[in-house]
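Asks: The residues making up each chain are set out below.
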Amino acid sequence: MASQSQTEAKKESVVASEPANQKIPLSVYDLTVAYQRKPVLWDVSFEIPPGSLVGVVGPNGAGKSTLLKAVLELLPRASGRIQFFGGSYAQHRHRVGYVPQRESVDWDFPVDALDVVTMGLYREIGWFRRVTRQHRERAMAALEQVGIADLAHRQISQLSGGQQQRTFLARALVQAADLYLMDEPFAAVDAATERAILEVLRQMKESGRTAIVIHHDLQTVPQYFDYVLLLNMRVVAFGPTSEVFTNENLQKTYGGRLTLLEEATHAVRQRRRPE
Amino acid sequence: MIGLEWLGWLNSADDFLRVLTLRDYNTRIVVIGTGLLGAAAGVIGSFALLRKRALLGDALSHAMLPGIAVAYLLATLWGGEGKSLPLLLLGATTSGLIGTLCVLGIRHWTRLKEDAALSIVLSVFFGLGVALLGLIQQTPRGHAAGLESFIFGKASALTAQDAWLIFWGGLGCVLLVALLFKEWTLLCFDETFATSSGWPVVGLDWLLMLLIVLISVIGLQAVGLVLMIALLVIPPAAARFWTDDLRRLVLLAGLLGCFSSLCGAIVSALFPRLPSGATIVLCAGAVFGLSLLFGTRRGVIFRAWESWMLGRRIQRQHLLRAMFELGESTGQQAAPAPAALEFSQLMSMRSWSSAALQRELTRAAAAGLVVRLSAKQWRLTASGQQIAARLVHQHRLWELYLITHAEVAPSRVDRDADQIEHILTPDMIARLERLLGESQRAGSVPSSPHPIVPPVEGLGTGEAAR
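Here the protein sequences line up with chains Y and C, keeping their order. For what it's worth, our numbering labels the leading residue of the first sequence as 1, then goes sequentially. For what it's worth, our numbering labels the leading residue of the second sequence as 1, then goes sequentially.
Hints were generated in silico from the structure; no laboratory data involved. Among the hints, erroneous ones may be present.
Below are the DMTMM-like pairs computed for lysine to aspartate or glutamate, each with C-alpha atoms no more than 25 Å apart in a straight line [to be verified]:
# : chain 1 : residue 1 : chain 2 : residue 2
1 : C       : Lys182    : C       : Asp244
2 : C       : Lys182    : Y       : Glu137
3 : C       : Lys52     : Y       : Glu137
The following block holds chain Y by itself, in its conformation from the complex (with noise of 0.2 Å):
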C-alpha cells in the first residue's frame, strides 16, 4: 500500500527493529488544504518511514504550520487521506506528541513549568481525576531530560524564551509517542536549547521515534535531519537529505530570493551527514 517512489528510498534510513514502529507514522495523500478561498496546500503526498528525523523546510507562507495542524485536524482540510501507523488519527492519538510554536499562547498564564509539562499528561490521567505524585515526577524526569528541572517551579513568564520552548518540549515528551509534530522548535532559542533540543531528536531516533520538524535554519537542515520535505504549498521535494536537499530543489522552493539563495548554495557545499 506504500507508494513504492518514497519507498525505495528508505533503504539508507535506520529502521528500528521493533514491529510495532515499522508501520509507517505518517501517511499523507493528496492533502489540499484552504482558508476562505484562497488555498495553502496543494494535493501534499508523502509518506514518513519510521525512526527517521524529518525537516519541513519552506519560505514564509508555503503553508508549513498549515500542514502540521491539518494533518492533527486542529484545521478543516478541503480533501486528503491521512493515516497514522496505519490507522485513523483517533485511534492513534495517544501515540502522537505535538509541540505548537512558541507563541501559540499566553506565557503570563498563572502556572509554572511543571504544571505545564503535566499537561501533557492530562489525556492520559482523564476525566475529573486528579494529578498525583506519580504523574508530577514523570513531569519532573521530563524537565531533567531537556535540562531545566531547577526551573521547574519558575511561573512561566519568567523563564527565557529558550526555557519555555524546553518546557513545551517536555509536555511532548512526557507523552511518551512514537510520532512527534514540532512547529518551529528551534526558532529564536540560545545554544544551550539548541543542543538540548538536539539531544532529545538524537535519543528518539535511538529509540526508534519518528519526528517531523519545522525548520527555518537551511544551513543547519543536513547536519540535523535525515529527511527533508521542501513545501511551498506543493511538495517541491520530499526524501533522504542526501538526495533531495540538493541547489536545484531549493530554487524551486525558495523561488529567486536571492539571499537565500546563498545560504543554501553555501549549505549544500558544506553538507554533512550526521554521524
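Take the given structure of chain Y and dock chain C to it, following the hints.
Replies: The following block gives chain C in isolation, referenced to the frame of chain Y:
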C-alpha cells in the same frame, strides 16, 4: 432634603448596630446570599478571565434584559402573576444565551472583529430591554413590577428562597469548577494542544460559558445585570496581584469576591437608597485598588520597591568595582590596606555625575564600605575591599565566559557583563568557575580580558566643561 435624611440615619445608631451585628433575619439572608454569590462569581470569573471571556460575559448579562421583560409580558398575558421569579430567570437565561450565540455568529460569519460584535450585541439587546421595560411601565400594574431592580440590583429584596437559590447554584458552579479544574486549565492555557490531545474543546468551552450564564442569572437580583461583570472579573484580576499560582488564584478570587459582596451588601443595608449592585462593585473596586498597590507579586509598590532596590545594588556594585579597579590600575592593590583614591579619578571610571558619585560614596560610607580620608579622597575599608574583590571576580568570570563560550566581541563584553552580573546567583558563579577552571582559587581575581579605561589626565578641564 437628602442631607437631612442622611442625618436621620446617622442618628439612629441602633439601626446601624442592628445591621452590623446581623440581628435581623432579613439582613442575615441578604448578607449571606450575596457573600455566597461573590465567592462563586470569583471562582468562575477566574476561568472567564483566563479564557479572555470578560467582555463576552458583559454582553451576555446585558442581553438578559429583554428576556426578563418578555417573560414578564408573557406571564401577564396568560393572566398569571407577572413577577414569578423562576419564569423571569428563565427568560433572562434564554435571551442571554441568544445574545452569546449572536456574538459568536457575527464573529464567525462576518469579517467583523470580536469587539465590534460584542458592542453591537450588548447595546442592541440592552436597548431592546429598556424599550420593553418602557412598554411594561404603561401597563396597569407595570409600575409595581419593580423590574428595574434587575438592572442595578436590590439585595435588600432577597428572600430566603433567593438565598437558597444562590446557595445551590453557587455550590453547583464551584463543584463543577473543582471537577473540571484540570480540563479548564488546559483549555484556557493552550486550546490547540488541548484539541490535539483529544479533549472535546468545544464542549468544555460551552460548559464554561453556560456556567457564566448561570452565575450571572443567580446574581441578577443582588448585583443587577449592568454590573454583574464586575463581580466576575474584578476578584480574579485583584487576586492576580498576589499570586502566580492558579489554584491559589481561584481560591483567593473566591475569598475576595465573597468579602467585597459582604461589605457591599452591608453598606447597602445601611443606606437603603444606594443600590446594592453599586456598593458591591465599589467595594470590589476598593479591593482591586489595594491589591494593585500592595499585591506581593505584581503590586505596583512591590515592583517599584524591587526595581529601586536593584538599582541601589547596581549603583553600589559599580562604585565598589570602580574603586577596586582604580586601585588595581595604580598598582597599589597588593598593599595591605587599600589605596586612597582621588574623587576626580573615580569620576573618570564611569559616566556618572559628580552628585551621583558623591551620594553613592556617602551611602557606602554609612554602610562601612568606604571611608572618607579628606575632602576629595576616599578609600575602601577592609570589608569594602573584600566585597569589591568578589564583585570584580564575578564580573571578570562572566566576561571570560561571554568571550570563550558565547562568541561575543571583546569590546562589547563589558556592557553585557554589567547588565547580567548583578543578578548572578551563587550557583551560577560556581558553575562559571568550574567552566573556566578558576575553582582552585575561588577568591582570586582573574585579570580583566580587556584594558581597563585608565584615569583620564587633566580631568579637571573636563569637569569645568560640564
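Asks: Are any of the numbered hints broken by this structure? If so, which, sorted upward?
Replies: 3
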